[in-house]
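J.: Residue numbers (this note's numbering), protein chains in the order written: chain A, 1 to 292; chain B, 1 to 515.
One or more hints might be untrue.
Straight-line alpha carbon distances no greater than 30 Å define the calculated DSBU-like cross-link-like pairs of lysine-lysine that follow [unchecked claim]:
1) LYS445(B) / LYS215(A)
2) LYS230(A) / LYS381(B)
3) LYS4(A) / LYS437(B)
4) LYS289(A) / LYS230(A)
5) LYS289(A) / LYS6(A)
6) LYS2(A) / LYS381(B)
7) LYS118(A) / LYS358(B)
8) LYS62(B) / LYS31(B)
Derived by calculation from the structure, the hints in this document are not laboratory data. Since the model is a prediction, treat every value here as computed from it, not as a measurement.
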Amino acid sequence: MKQKIKQWHDKNYKRLLLIPIILLLFSFIYLGVFYSSTGDFFKKDISLTGGTSVTLYSSLVPQTLEQDLQLQLEEISTRQIYDIITQEQKAIIIETKTESEITRTVLEEYLGYELNEKNSSFEFTGSTLSQSFYKQLLIALIVAFIFMALVVFIIFRSFVPSAAVIISALADIIMTLTLVNIFGIKLSTAGIVAILMLIGYSVDTDILLTTRVLKREEGDLNSRIFGAFKTGTTMTLTSLVAMALALVIISSFSIILSQIFTIIVIGLFFDLLNTWITNVSILKWYALKKQK
Amino acid sequence: MKIKLTWKIWLLIIVLALSLLSIFGSASFQKGVLITSVEENSTAFEQGLRKGQIITEINSNKISNLEDFTNAFQGKFENNQSEKIIFILDKTEIILYTNKLPQITVSNVPSTNLKLGLDLAGGSRAIVQAQDKQLSASEVRDLVDVVSNRLNVYGIADMNVVPVTDLSGNNFMMIEIAGATPKDLEQLISKQGKFEAKIANETVFIGGDRDVTSVCRNDATCAGIEGCFNAEGGGHYCNFRFSIYLSEDAAKRHAQITENLSVNSTAQGNYLSEKLDLYLDDNLVDSLLISEGLKGMVTTQITISGSGSGQTRDEAITKAEEEMHHLQTVLITGSLPYKLEIIKLDSISPVLGKEFIKSIFLAGFVALLAVGIIIFIRYRKVKSSLALLLTSFSEIIIILGIASLIEWNLDLPSIAGILATIGTGIDQQIIVLDEAKYSMFLSIKQRMKRAFSIILGAYFTAVVAMLPLVWNPITGGAVGAGLLKGFAITTIIGITVGVLITRPAFTDMVRKMEK
Numbered sequence: 001m002k003q004k005i006k007q008w009h010d011k012n013y014k015r016l017l018l019i020p021i022i023l024l025l026f027s028f029i030y031l032g033v034f035y036s037s038t039g040d041f042f043k044k045d046i047s048l049t050g051g052t053s054v055t056l057y058s059s060l061v062p063q064t065l066e067q068d069l070q071l072q073l074e075e076i077s078t079r080q081i082y083d084i085i086t087q088e089q090k091a092i093i094i095e096t097k098t099e100s101e102i103t104r105t106v107l108e109e110y111l112g113y114e115l116n117e118k119n120s121s122f123e124f125t126g127s128t129l130s131q132s133f134y135k136q137l138l139i140a141l142i143v144a145f146i147f148m149a150l151v152v153f154i155i156f157r158s159f160v161p162s163a164a165v166i167i168s169a170l171a172d173i174i175m176t177l178t179l180v181n182i183f184g185i186k187l188s189t190a191g192i193v194a195i196l197m198l199i200g201y202s203v204d205t206d207i208l209l210t211t212r213v214l215k216r217e218e219g220d221l222n223s224r225i226f227g228a229f230k231t232g233t234t235m236t237l238t239s240l241v242a243m244a245l246a247l248v249i250i251s252s253f254s255i256i257l258s259q260i261f262t263i264i265v266i267g268l269f270f271d272l273l274n275t276w277i278t279n280v281s282i283l284k285w286y287a288l289k290k291q292k
Numbered sequence: 001m002k003i004k005l006t007w008k009i010w011l012l013i014i015v016l017a018l019s020l021l022s023i024f025g026s027a028s029f030q031k032g033v034l035i036t037s038v039e040e041n042s043t044a045f046e047q048g049l050r051k052g053q054i055i056t057e058i059n060s061n062k063i064s065n066l067e068d069f070t071n072a073f074q075g076k077f078e079n080n081q082s083e084k085i086i087f088i089l090d091k092t093e094i095i096l097y098t099n100k101l102p103q104i105t106v107s108n109v110p111s112t113n114l115k116l117g118l119d120l121a122g123g124s125r126a127i128v129q130a131q132d133k134q135l136s137a138s139e140v141r142d143l144v145d146v147v148s149n150r151l152n153v154y155g156i157a158d159m160n161v162v163p164v165t166d167l168s169g170n171n172f173m174m175i176e177i178a179g180a181t182p183k184d185l186e187q188l189i190s191k192q193g194k195f196e197a198k199i200a201n202e203t204v205f206i207g208g209d210r211d212v213t214s215v216c217r218n219d220a221t222c223a224g225i226e227g228c229f230n231a232e233g234g235g236h237y238c239n240f241r242f243s244i245y246l247s248e249d250a251a252k253r254h255a256q257i258t259e260n261l262s263v264n265s266t267a268q269g270n271y272l273s274e275k276l277d278l279y280l281d282d283n284l285v286d287s288l289l290i291s292e293g294l295k296g297m298v299t300t301q302i303t304i305s306g307s308g309s310g311q312t313r314d315e316a317i318t319k320a321e322e323e324m325h326h327l328q329t330v331l332i333t334g335s336l337p338y339k340l341e342i343i344k345l346d347s348i349s350p351v352l353g354k355e356f357i358k359s360i361f362l363a364g365f366v367a368l369l370a371v372g373i374i375i376f377i378r379y380r381k382v383k384s385s386l387a388l389l390l391t392s393f394s395e396i397i398i399i400l401g402i403a404s405l406i407e408w409n410l411d412l413p414s415i416a417g418i419l420a421t422i423g424t425g426i427d428q429q430i431i432v433l434d435e436a437k438y439s440m441f442l443s444i445k446q447r448m449k450r451a452f453s454i455i456l457g458a459y460f461t462a463v464v465a466m467l468p469l470v471w472n473p474i475t476g477g478a479v480g481a482g483l484l485k486g487f488a489i490t491t492i493i494g495i496t497v498g499v500l501i502t503r504p505a506f507t508d509m510v511r512k513m514e515k
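Can you build the whole structure from these sequences, using the hints too?
T.: Structure (structure tokens):
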């Protein structure tokens with residue numbers, strides 16, 4: 001059985017690269033079209049565009065409120081917060097591009113009572129600040145990626161294997177972004193932080209693989225790859241299961257954390273693909289060529 | 001069987017114990033109530049009560065919780081009589097003679113030293129910049145001084161006002177206030193509060209200590225509501241009045257300007273031909289008649305008045321008191337040097353915080369349990385699986401211990417950072433477990449060394465990926481105190497603790513088990 005898989009992989013590993021290449025091509029086209037129609041690579045929520053988010057401790061039905069206030073509050077959207085065990089609604093969250101004082105007045109008029117710190121939370125971000133925030137987060141993301149790439153080069157000191165690690169990490173981020181877009185998720189500051197976390201998570205397994213393949217002498221190439229595969233998938237699967245469970249529990253409560261977990265779960269899925277197909281194939285190609 | 005522990009495992013145990021001490025510390029053994037704020041200039045403040053002190057006894061009644069504190073004042077001051085109140089603090093005794101409740105706020109002594117961020121504990125945060133003007137660093141520092149002073153005078157004690165800068169060099173001021181949000185926070189920090197008193201459009205004096213030497217507050221003999229009346233169109237209005245003292249210069253200016261005014265005789269008495277007009281931010285607040293006797297006089301005492309209106313009498317009184325409080329604050333602190341604009345304002349209610357933390361704990365517990373099960377299925381070793389879970393768990397405790405040691409406010413991003421750390425931590429422990437089984441012809445020591453080379457690689461990539469967040473002044477830096485710095489800080493603390501303490505201990509545990 002093992003022998004058969006080895007033979008199959010020896011024959012087809014280059015062909016396997018087609019899967020990530022096709023996905024990556026699709027992602028580039030999708031993001032390109034998205035960029036040309038919206039001027040950005042993803043949808044941004046109010047933490048990146050500016051606006052007000054109100055948490056209202058109330059049992060009102062979110063959809064009703066949304067319909068009633070559609071005309072008064074710009075780009076209004078709502079969601080509920082509920083207790084995971086009792087399913088009881090604890091609060092509704094209202095997001096709008098309208099500024100906070102106007103939002104407060106509109107809501108107070110609609111609800112018929114005064115909003116204070118006992119029955120509500122207000123978060124307002126002006127559009128200038130959120131735009132500069134967005135820009136700086138992107139810079140942080142790019143710098144982080146470059147730093148990571150440098151460290152990878154320093155560790156392995158050889159071009160192709162290092163490039164393979166970096167390409168896999170980049171493919172992770174691009175495919176994740178594409179899927180996030182397809183799901184229609186609006187990215188917040190937390191979402192961008194999640195992508196930053198993803199850099200760390202995805203590189204972990206790539207470093208493990210590359211170290212085992214390049215710096216170990218025992219066993220043949222395939223068994224070293226297979227050993228790394230066993231360790232690496234255990235790592236990714238534990239993270240994946242832990243994050244997915246946390247997501248289920250927390251999603252009823254926190255938009256911030258649930259966005260972080262969603263993005264990491266998506267990212268870890270793509271990491272499985274990119275480490276064990278993209279990175280493995282490039283690395284195997286490189287190692288076999290060197291052997292000759 | 002006697003198990004000999006290696007020094008690495010001992011190190012973990014010691015650090016763990018220190019962390020627990022740092023988290024729970026002395027606080028949890030202390031009985032009493034914690035003073036969270038003291039009104040400045042109040043009797044309580046003058047006698048030495050300060051924020052952060054713990055009250056253990058009032059008038060020889062033991063105080064161990066909020067209820068005791070409230071009970072201690074039951075039935076006191078009913079006839080407005082001054083009473084003697086003896087506070088016993090940690091080591092000192094403070095005695096107050098007062099006819100009203102001491103102007104302090106208290107809370108139960110927290111059971112841990114962990115501090116929660118605004119987004120979990122409740123409070124407000126504002127980021128402010130100048131309207132149509134780029135502020136220099138020193139201008140922002142001046143602004144911070146004026147605003148802190150203003151908030152202080154207004155009676156907000158638990159606050160933090162700091163200058164912040166972003167990458168492009170823009171300067172902002174950030175204000176953080178713990179606990180309840182003052183109603184007119186926006187007014188206080190964004191309105192200039194430019195107070196001017198004019199006679200015939202000539203400025204006599206302006207707010208601030210250059211012209212106004214003192215302002216009467218909290219003293220019924222020279223400040224208070226004068227009377228309430230029915231308004232013509234329905235509703236009520238109340239008048240307030242308080243006296244202020246002018247500087248010599250301002251008083252002379254008053255004399256010069258009034259000298260040339262004529263006197264009008266009216267049925268109510270003889271007044272000067274022009275009134276004293278009071279402006280706040282260029283809006284007329286009130287116009288006061290100036291009596292004949294003040295003509296050309298160098299007078300240092302002036303009475304300021306104004307009014308507040310409302311639907312009901314009570315509402316009008318509250319409104320008038322607020323207006324008075326605001327005017328007093330502005331007169332003492334002077335105007336802000338710039339027109340300001342609030343670019344971020346969060347006021348977070350503390351209501352959901354506790355439930356939120358509960359669900360985070362639940363999520364963490366379930367996630368760890370799931371990891372434990374997967375590890376057990378994969379390796380079929382109870383000991384290794386338990387060691388792995390224990391190590392991860394101690395990592396959480398060490399991170400929290402360091403957080404309370406450096407008084408880091410745990411906010412949502414910090415918690416996300418802790419989760420990220422635990423995730424990578426478990427990943428690295430899996431590498432250790434697998435390397436231990438791998439290439440059996442090597443000594444276990446060599447195998448562990450190899451595991452560590454992979455872990456170090458992963459560690460450095462993770463650290464450098466976090467650095468831009470810490471460096472970046474908006475995301476990290478000072479503003480980041482509330483925004484994303486928490487994430488980067490807890491992640492870096494966590495993975496560093498991992499590489500230096502928990503991972504070496506774990507490898508030793510695995511070595512013991514493999515032998």
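J.: Hint compliance check: list the failing hint numbers for this structure, sorted ascending.
T.: No numbers; nothing is violated.
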